[in-house]
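A.B. asks: Keeping their order, the protein sequence lines are chains L and Y. Counting along the first sequence from 1, when you hit position 166 you're at 166 in the numbering used here, and nothing is skipped either side. Counting along the second sequence from 1, when you hit position 262 you're at 262 in the numbering used here, and nothing is skipped either side.
Keep in mind the hints are simulated off the structure, nothing from the lab. There could be a bad hint or two in this list.
List time: in silico SDA-like cross-link candidates among lysine to any residue, alpha-carbon distance up to 25 Å [to be verified]:
1) L:Lys-22 / L:Tyr-2
2) L:Lys-90 / Y:Lys-429
3) Y:Lys-331 / L:Met-103
4) L:Lys-90 / Y:Val-235
5) Y:Lys-429 / Y:Glu-403
6) L:Lys-318 / Y:Leu-315
7) L:Lys-315 / Y:Glu-403
8) Y:Lys-261 / Y:Ser-322
9) Y:Lys-312 / Y:Thr-137
10) Y:Lys-288 / L:Tyr-25
11) Y:Lys-312 / Y:Leu-343
12) Y:Lys-288 / L:Met-319
13) Y:Lys-223 / L:Glu-314
14) Y:Lys-301 / L:Lys-318
15) L:Lys-79 / Y:Lys-312
16) L:Lys-101 / Y:Glu-281
17) L:Lys-295 / Y:Ala-358
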Amino acid sequence: MYVLKSNENVCATCPSADCLLKCQYMSFDKNEAHAEMMKVVKGENSRVLKECVTCYACEEYCPRGNHPFYLICERREEKGMYTAPRPITKQWINMTQMQGKQMVGKIKEQALSSCFIPALGGLVSGEIFKDVAWSIVFGAEFMCPAVHTHFAKMSVVKERLPLVMENFKKLGVKEVICLHDECYGTYTSIASAYGMEVPFKPIYYMDFLLDRLKELKDKIKPLNIKAAYQRPCSNRLIPDKHYLAKEILDFIGVELPDREYQDGNCLCCADILRSISGYRLANDVQQRNIEDMLKTGAEYSVFNCPACQSTLSEKVVKMGLKPIHIIDLCKMAIGEKGGAVR
Amino acid sequence: MSDILKSLIEIVGERGVSNTPEELWFYSRDPGVLAPHLPDYVVAPKTTEQVQKIVQLANREKIPIVPMGNGMALTGLVIPLKGGIVMDMKRMNKILEVNEKARYAVVEGGTSQGVLKAYLQDHYPHLRHSLPDAPPTATIAANVALHGQGRLTQQYGFNSDMVTGLEVVLPTGDICKIGSPSLGPYWFSKGPTLPDLSGLFLGWLGTTGIFTKVGLKLYPNKKIREVELFVTDRVELVSEIIYKLTHLEMLEDLNVWFQPKPLIFKDNYHITIYFTGDTEEEIEFKRKMIWDAVQEFIDAKDGGFMGLQFMKEQLLEMPQRSVASLADVPKGGGFEYSGPITLVEHFPQYAAKVLELAAKYDVLYASTARIISGGHAMMFSISFAFNRADPAMMNRVKIALDEATEFALEMGGIPWKPNFMEQKMTMKKMDPNTLKLLQMVKKNLDPQGIMNPGNWEVN
């Protein structure tokens, strides 16, 4: 069984305790933050194990890469604690089981992974994807199991992730373009944290997108719009890639005015908060987030993750914003119809 | 040409009668598992007077007569068990009146649910009726005749409770008005304060008369409908959750369901909570009340709300087409259910019985319970899917359903729209004096025993 690579001494000697100090859903002073994290490290009871809403942010906040979030999840599972209600946890485990119903395109050396999210497949069309659309794969067999971290089921992650990677290996691919941050985060952050070897090179779709836009530069007509970007939880696993969203949007003439809840201070779409904590917290977070988007004068709410998009779309529309996936926005910029607001 | 056929043609015209084999074949069956039986004639009247003349003819000639809406009950209630005439009511499909302020409609006996829904949407968008989850071609008269339920049953009771008056052609051919229309032009009450004679017809499955007009209550149609889906894996908590939710007195509809496929639904009990409002403010207030009502189950990790992004549209459909999608899981397009009316607190026992029967007879199950009148009772459907091309599987489903009805009766439940065998089981269990009363009513109303014979036959 795979074991999390987390070093107790790294936390013990941490000068910042940023993992908890910066948390937007729990409040600590510096000493408390350090003390509570050390309880987690030592497997003792900590309020963190009860109160963490699984926003993933501490993975980004930890300046030393010691994987505080995965550790919290491990400890919760060891203690038999559920983050979300048990039936919701079971539901996710059941619905993401491999059933041999995967869809596999024409694969050569590269695959385009739409994970187990049909909406991602729907984005793959037009000039941007013309050379890779045929290589799409979809299904539980290719689904990164990172979602189970929300439910403190690291055992499921550890059991399924090697199988998923093996399924890719069987395709004979050398590279996998990940359309979901969660996939890229899984292959680069989780796999590494557990010492799993990834048998292919994961490529982040925004790297691919930016490269394609540069190739299609002549077709781009700057959109000249203002937008607010909804950063997803799984982008916290790959903070070194966060800059790409801004760079892409800038490239196609989309202005991202500064707002309170951006970058390291971004707020969760709150779908998972709804499951874990209930209506009040989720509503409060969504309300603050959308009001903050509106304050910037944004016309569009730009999404990276389809789960965030489906969670927030109805609400942002009701508050006067147009929800759109960043891929659709790129299509708009090169004059394709895919840019219609979904 | 037989004399009967000639007489029927004289009453309704040539296009309204048939005894051709291909049409008799169609009218000999319903979509459920019961064996078909051929009628001798099919007739489709257009007026109450034509219905009257047909019934008089049948009475004179002692020919069985089976009134039929769209034949969607699944339990063989319009299969002509003893042959005779099937009277297809679908040509009597006019909406005769909508009293906007008193919120009722009067429709002819073959008017479909879909026609009324569309009419109200077009002409009275702020009014609605309690639409069942049957296909929209199901008729209003048939639905109330079998004590159907619909989208407003949680709030207002069985759809038959919403009847505001009837016009019935009795088995003797007399035309009889029931309720306020018997005294004047208004259709606002089926009984009170008179003796409620509607009980002589509602629930009798067409064995005591033929509905030619039905008055039906209408209700406010709020601008926004919303839905939440609460799940628990502890069956014993279901009735308590329902109790908390119904205490709110603000829900449109409340259904509990469980099924093994697709895997997203495996091992959990799902409570679909519908609510309505005229403003976002009203909706959000109700949503908050709903969440608060069940927060204790969330805190205990025993229950939670599912994210609905990908299911919401489907859940908000009226009628909900996915209800019948179970039929296609084993291929072959068949499903039937036993739907006893029972106490909500018996949910765990019924749920266990569904699993037991599905395993015992190797059939695919799904179950949906609709809460009735704020939790006074529920309709618990024990549904099994089957392949129509597989007689052995159909037989297993039939046996499983019979066993389900036996179980329901043992539990003190009442079978809903029972087939003729289930009616016999019910009468066997019934208090003898009640049965005697049933017999008196039936004998007096239908002395020749011509109305839908084989059903509610008390011997």
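A.B. asks: Does the structure keep Lys-90 of chain L and Val-235 of chain Y at a Cα separation of 25 Å or less?
C.D. replies: 15 Å, holds
A.B. asks: Verify the proposed pairing of Lys-312 of chain Y with Thr-137 of chain Y, using a straight-line Cα cut of 25 Å.
C.D. replies: 24 Å, holds
A.B. asks: Lys-223 of chain Y and Glu-314 of chain L were given as a pair; does the straight-line alpha-carbon distance stay at or below 25 Å?
C.D. replies: Roughly 17 Å separates the two Cα atoms, so the pair holds.
A.B. asks: Would the pair Lys-295 of chain L and Ala-358 of chain Y pass a check requiring their Cα atoms to be no farther apart than 25 Å?
C.D. replies: Cα-Cα ~57 Å, so violated.
A.B. asks: Within 25 Å, alpha carbon to alpha carbon, are Lys-261 of chain Y and Ser-322 of chain Y?
C.D. replies: 13 Å, holds
A.B. asks: Hinted pair, alpha-carbon criterion (25 Å max): Lys-90 of chain L, Lys-429 of chain Y. Please report holds or violated.
C.D. replies: With Cα atoms ~42 Å apart, Lys-90 of chain L and Lys-429 of chain Y exceed 25 Å; violated.
A.B. asks: Does the structure keep Lys-22 of chain L and Tyr-2 of chain L at a Cα separation of 25 Å or less?
C.D. replies: With Cα atoms ~29 Å apart, Lys-22 of chain L and Tyr-2 of chain L exceed 25 Å; violated.
A.B. asks: Lys-79 of chain L and Lys-312 of chain Y: Cα distance at most 25 Å?
C.D. replies: Roughly 35 Å between the alpha carbons, so the hint for Lys-79 of chain L and Lys-312 of chain Y is violated.
A.B. asks: Between Lys-315 of chain L and Glu-403 of chain Y, is the straight-line Cα distance small enough, at 25 Å or below?
C.D. replies: 48 Å, violated
A.B. asks: Between the alpha carbons of Lys-288 of chain Y and Tyr-25 of chain L, is the straight-line distance 25 Å or under?
C.D. replies: 21 Å, holds
A.B. asks: Starting from Lys-429 of chain Y, check that the Cα of Glu-403 of chain Y is at most 25 Å away, please.
C.D. replies: 15 Å, holds
A.B. asks: Checking one constraint from the list: CA of Lys-301 of chain Y to CA of Lys-318 of chain L, max 25 Å. Satisfied?
C.D. replies: 31 Å, violated
Checked against the numbered hints given earlier, the structure breaks hints 1, 2, 7, 11, 14, 15, 16, 17 and satisfies all the rest.
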